Amino acid sequence: MRIAYYPGCEAKIVAKEANQATKTVLEKLGIEWVELENAGCCGSMELRIDHLDAMLYLNGRILALAEEVKATKLLTICNTCALNLNTAASIYNKDEIEQERLNQVLSIYGRRYTGTTEVITLPWLLLRLIGFHGMRRAVKKPLDKLKIATFYGCHMIRPTKFYGFEHSMKPSSMDIIIKELLDGYTINYHGKSSCCGFHTLLTEEKTSTAMVSYLVKNAVQGEADCIVTPCTQCHTVLDTYQERALKASGENDMEIPIIHLSQLVGLAFGIPKVELGFDRHVVNALKLLEDRGF
Amino acid sequence: MKENTRSLEKNYIETDILIIGGGVTGCYAAIYAAEKGLRVTLISKSLVGKSGCSRHATNLAGGPPHMYMSMEERKKLASISIQAGDEDSKKELTGAQKEQLRRTCAYYGHFLIDQDYIIEGDKWGQKNFFDYLERRGLYFRRMPDGRILSNTGPAHSKITWAPRQGQTGVQLMDLLRHEVFGSNVKVIEECMATSLLTNNGEVQGAIALDMRKSKLFIISAKFTFLCTGHSANTAKRTTATREMYGDGWWMAYKSGAELSNLELHYIHCVDTKDPITMNQHCYPNPNPNTDKSPHIVDSEGEFIFTPDMFKQGQTVMYHLQVKRVIKKILEGKAKPDGGYYSSYKHMIDDVDPEYQRAKRVFDKLGYNITIEPIENALCWEMNEGGVRCDMKTMQSSMPGLYAPGSTGAHGLSAFQRCMYDATLAVNDAQRRCQKVTRPNPNEDQVTSEEARLLSYLRTEPREGYRPGVIQTRIRQIVYDTLVPIKNEMKMKKALEELKKIREEMVPKMSLESTSLNYNVGWINAIDVETMLGVSELQILASLERKESRGPFFREDYPYVDNENWCVSNIVRMAGGRPQFHQQPVDLKYVGPDEKGRVDYFKVAY
Amino acid sequence: MELGEMVEVKLFRFDPYVDKEPRYETYEVPYQSKMRVLGALRYIADELGVEFAFRNYCGINRCGCCGVKVNGIPMMACWEPVQPKMVIEPLDNFRHLKDLVVDMDEFEANIERLNPRLVRKKSYPGFPEDLSHDDMLRVFRLIDCIECGLCTSACPTVRQMGFEVYLGPGAYVKLAMRALDPRDEEERASMVVDGGIFHCISCLNCTEVCPQGIDVFRDAIEPMKRLAVSQKIYKGHHTFRAVKEVIRESGDVNPLILIKKTRGIMALKDLSIAVKLGLRGKLTISQPDNPGLTEIRKTLEAVEVKK
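Protein chains in written order, with numbering that gives the first Met the number 0: chain A, 0 to 293; chain B, 0 to 604; chain C, 0 to 306.
Check each hint, because a few of them may be wrong.
[Unchecked claim] Partial chain C-side listing against chain A, Cβ under 10 Å, derived:
#1 GLY71
#2 VAL242
#3 ARG262
#4 THR293
#5 VAL302
[Stated by the list, open to error] Listed next, the in silico DSS-like pairs over lysine-lysine satisfying Cα-Cα at most 27 Å (straight line):
#6 C:LYS68 / B:LYS363
#7 B:LYS97 / B:LYS587
#8 C:LYS68 / A:LYS160
#9 B:LYS74 / C:LYS120
#10 C:LYS268 / A:LYS216
Keep in mind that the hints were calculated from the coordinates and are not lab data.
In this text, all values refer to a predicted model and were calculated from it rather than measured experimentally.
Heads up, the beta-carbon is just placed ideally off N, CA and C, and yes, glycines get one too.
Generate the whole structure from the sequences, applying the supplied hints.
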């Protein structure tokens with residue numbers, strides 16, 4: 000199986016550990032991946048506001064790049080990249096007139112899009128493309144010593160019209176992966192499908208940190224050891240701003256490590272934690288992992 | 000019976016116009032009166048604009064002819080005056096106008112409505128209604144050539160929607176709601192008027208119970224407008240919203256006003272049977288951009304009704320559908336609550352969710368209208384009767400009390416006529432405002448009303464009847480008795496049953512709690528008394544009218560009797576009991592062709 | 000579900016006037032054909048006589064009054080089918096009055112604050128005015144709004160920060176209906192900002208729960224953000240423009256560069272964060288341009304021309 004891989008800006012700099020972990024996991028699963036190195040930024044939520052067409056065309060180009068490497072699926076490990084790529088795909092994969100308009104621009108530099116790229120996130124790659132047997136074969140170390148709070152992040156489950164595979168407010172793909180494929184343990188808590196607050200970080204920070212506090216407190220009250228997320232943006236804000244957020248809401252001693260899904264899967268596949276970049280986390284994850292025998 | 004001796008917190012308000020009800024009539028009247036500088040207080044049993052019939056109104060008829068023309072055609076007409084209706088006092092009707100009047104009187108009032116009122120109301124509507132709404136932002140959907148979305152077919156039966164069929168009332172009422180809130184009108188929502196204040200045979204305001212905190216409002220007003228709509232939720236299946244028990248009628252009756260034609264209650268045929276909670280699915284009647292309507296068929300697919308059968312070109316033909324369904328029920332081929340169906344196969348491709356809402360509803364419910372007809376049930380709908388008024392001022396037989404809109408006995412309502420009524424009432428109020436003064440409210444009336452209301456606020460007896468359950472029982476009785484086939488025996492039996500409820504169950508009625516916080520049980524209990532009173536009046540009125548007409552069918556009098564019953568069937572309270580008398584209707588310009596008796600099933604009115 | 004089966008309802012009850020704390024009462028309701036949540040609630044009220052407070056009027060998803068939370072998800076009781084087991088609770092984010100009834104007055108006040116009435120300054124030409132459906136397309140996508148409040152109930156910003164900070168998505172749908180109407184001549188950009196729209200975290204809950212299928216985020220929230228940013232009224236508007244600039248400069252977006260462009264000296268506030276990130280190798284002051292930069296720039300140029 001061949002997939003196109005688009006890490007997104009967050010994974011290239013701040014969340015490099017997720018980039019590396021994802022590639023390691025893909026290798027272990029025997030998937031051939033081609034990184035779209037000349038893709039560039041998807042524009043995040045800001046470009047949609049500043050110049051919607053620019054976002055659509057830039058993402059249309061990325062879809063075309065994926066098509067060109069003859070990959071059926073385009074994997075991204077950032078939820079907002081998934082949202083923007085899917086927004087573009089929902090137009091350019093279906094509307095012939097809009098596709099033609101895109102191609103007029105792509106032709107300037109000799110590219111073309113025929114509307115076949117499908118955007119996919121890591122949980123769905125693992126659950127739907129690899130599936131039960133492929134995953135079980137690769138598991139070397141069960142995760143049963145960890146109590147995990149799964150955090151999906153908004154843009155991989157909403158809106159339903161782009162996704163629809165799982166319930167947009169009660170998602171379960173990661174829980175199934177962890178519980179049934181990786182022998183792990185997930186907790187029930189409010190906030191599983193809530194928002195990390197990333198997108199107001201630069202403009203209304205208090206609102207962002209309020210989201211972080213809500214999530215973290217609920218996970219801790221649910222007796223979770225760690226929070227696992229498939230999105231590099233969610234990870235960044237939950238990890239980097241955790242202390243500030245909790246202090247602002249009056250919690251001085253609370254702390255919970257935030258783990259990338261790719262790192263978690265890597266652990267289950269027996270990859271040593273030093274190779275998965277845990278040392279780059281702001282909130283210390285290494286101690287937890289050591290205590291639990293990883 | 001242990002009486003609750005608590006008393007309620009009282010708020011006294013003084014105002015020029017008290018408007019009871021927040022539907023199209025109440026809202027429009029409030030806005031109009033406030034613009035004229037009058038002090039207005041509007042109270043609403045539910046939330047303004049959110050309940051009642053208005054929000055569900057779908058078809059808007061009576062537009063100026065040029066609105067259905069394309070942009071090109073309209074521009075050509077620009078130099079020619081396109082105003083409909085002259086202001087001159089000559090009442091000479093043209094042939095076309097007479098025909099239009101005849102249609103309206105036949106279909107919306109079965110010849111029992113005031114014809115001058117219809118002429119003036121329709122003129123006003125054509126000139127003002129669409130203008131008023133579009134000016135404030137209501138969007139009448141445009142087609143690519145600039146014409147307003149409508150059905151196809153002859154000019155006199157054109158219908159339009161804003162912006163699609165099934166959503167018009169929502170847009171219209173949200174617009175009016177926001178206009179009310181942006182004006183000087185004092186609004187109190189979830190505040191239920193329970194009785195009118197009277198003084199020397201005049202109405203001077205009302206007593207109202209606030210549902211949220213159980214305060215008692217005593218509102219003294221120079222003029223009181225009943226804009227409470229009708230009573231359809233007294234029946235088990237109804238297009239009415241929850242709170243509609245005919246409160247306004249009951250208060251008017253108790254205060255001594257005349258009501259008329261309460262027995263003439265419309266019935267809808269093409270509402271889905273299941274789920275019972277969704278009796279308002281706004282079926283395409285007619286379907287936008289076409290002239291097609293659903294067919295009604297029996298369980299074998301045989302036609303019960305198609306619009307073509309009547310060649311009238313009239314689109315809202317509910318009572319014609321009712322006649323046909325009644326016939327089938329009498330033949331044993333349908334039941335009031337099921338056993339007959341509406342079929343969309345002939346219009347499937349035209350049922351477009353862009354233009355109408357019904358498709359989404361069918362999809363949501365999982366009805367596949369391409370392959371299966373949908374089981375229907377009869378629903379109580381709007382009334383034609385109500386509080387009897389002077390048709391030039393909307394004042395009832397009680398000075399100070401007005402009933403514009405569907406609360407009045409003005410025939411089947413239309414949005415335009417509701418607004419026209421409101422205009423008449425407000426204008427009359429303004430004319431008289433300086434000269435009218437009201438004394439302070441009669442404290443005996445306040446005390447006795449407070450005691451009446453508090454008498455229901457009790458948790459004793461412990462094993463008593465819950466008012467909600469009593470309401471369900473009343474609704475079943477009314478539905479079985481009045482919808483759609485009536486006869487003397489059934490109706491007398493129903494009166495006995497209602498009497499039994501009043502005498503045996505109501506004294507044993509008790510609530511879960513005597514909390515003063517949003518006590519729905521208490522409101523239900525107060526509503527039980529209203530429902531009993533109104534249902535009794537409607538059954539008695541039905542017993543009085545010894546004929547059939549429009550949606551009103553008696554199997555013991557299965558004929559229309561134009562010799563004796565082209566009358567208003569009037570009731571008022573005398574000696575504590577309903578007293579009926581009849582008054583002939585002035586068939587001023589048009590009338591039924593048949594002068595004597597004629598088979599109910601053989602006429603189209 | 001089938002006829003003959005029972006629906007189990009756990010109903011939230013709480014009257015702050017008389018109860019010390021909330022409780023859940025369990026009822027069994029016989030399933031009726033095509034039964035909605037409302038049908039189950041009406042059975043409990045009308046057949047069992049339970050006197051719980053609950054607003055419902057039309058039964059057909061038009062009045063917007065029967066919003067409740069069923070198994071944690073906000074929905075219109077009259078519109079959604081019953082589930083075999085349901086926990087039914089009042090909507091979040093609104094002040095609770097009793098049982099399933101919440102106070103919607105604040106929701107209404109929020110709508111009022113953003114002036115939901117059409118403002119014409121030119122005189123109205125008379126019916127029907129010169130208007131095309133294309134003129135009204137953006138309004139048309141919002142026109143099904145029944146002011147039910149579900150979107151606002153599902154909004155995490157309203158939950159965490161309250162109406163004082165953000166009026167909620169519902170008020171913005173009503174605002175957008177007028178702001179996007181070519182006939183409206185009110186100055187709307189400042190009220191957009193004052194209502195707190197930039198506290199919207201873009202979680203898309205509002206779009207998900209709308210019972211009319213309105214894409215609240217795409218068709219109301221984003222257009223209103225665009226209005227304020229394009230008129231440079233919002234204090235943070237630089238951030239929105241900066242992303243395109245950085246993309247044009249280097250193809251990928253380095254958060255440090257973005258902060259530098261938008262915060263300038265204010266970035267010093269984030270020094271502690273920057274230090275934390277730096278210590279873990281999570282920051283790069285400079286990085287190589289993306290190899291596709293030429294094509295990216297050509298794409299942006301082509302789009303500018305279209306603009």
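Each hint, compared with the structure:
Taking 10 Å as the C-beta contact cut-off toward chain A, the hint placing GLY71 of chain C at the interface holds, the least distance being around 7 Å. Hint status for VAL242 of chain C: holds, given a least beta-carbon distance of 4 Å to chain A, under 10 Å. This hint holds: ARG262 of chain C has a C-beta 7 Å from the nearest C-beta of chain A, less than the 10 Å allowed. The interface hint given for THR293 of chain C is met, as the beta carbon of that residue sits about 7 Å from the closest beta carbon of chain A, less than 10 Å.
With a cut of 10 Å, the hint placing VAL302 of chain C at the interface with chain A holds, because the nearest CB-to-CB distance is about 5 Å. Restraint check for LYS68 of chain C and LYS363 of chain B: the C-alpha separation of about 19 Å stays at or below 27 Å, so the hint holds. Of the supplied pair hints, the one linking LYS97 of chain B and LYS587 of chain B holds, its CA atoms being roughly 11 Å apart against a limit of 27 Å. With a CA separation close to 22 Å, the supplied pair LYS68 of chain C and LYS160 of chain A stays within the 27 Å bound.
Under the criterion of a C-alpha separation no larger than 27 Å, the hint pairing LYS74 of chain B with LYS120 of chain C is consistent with the structure, at around 24 Å. The straight-line distance between the Cα atoms of LYS268 of chain C and LYS216 of chain A is roughly 25 Å, inside the 27 Å bound, and the hint therefore holds.
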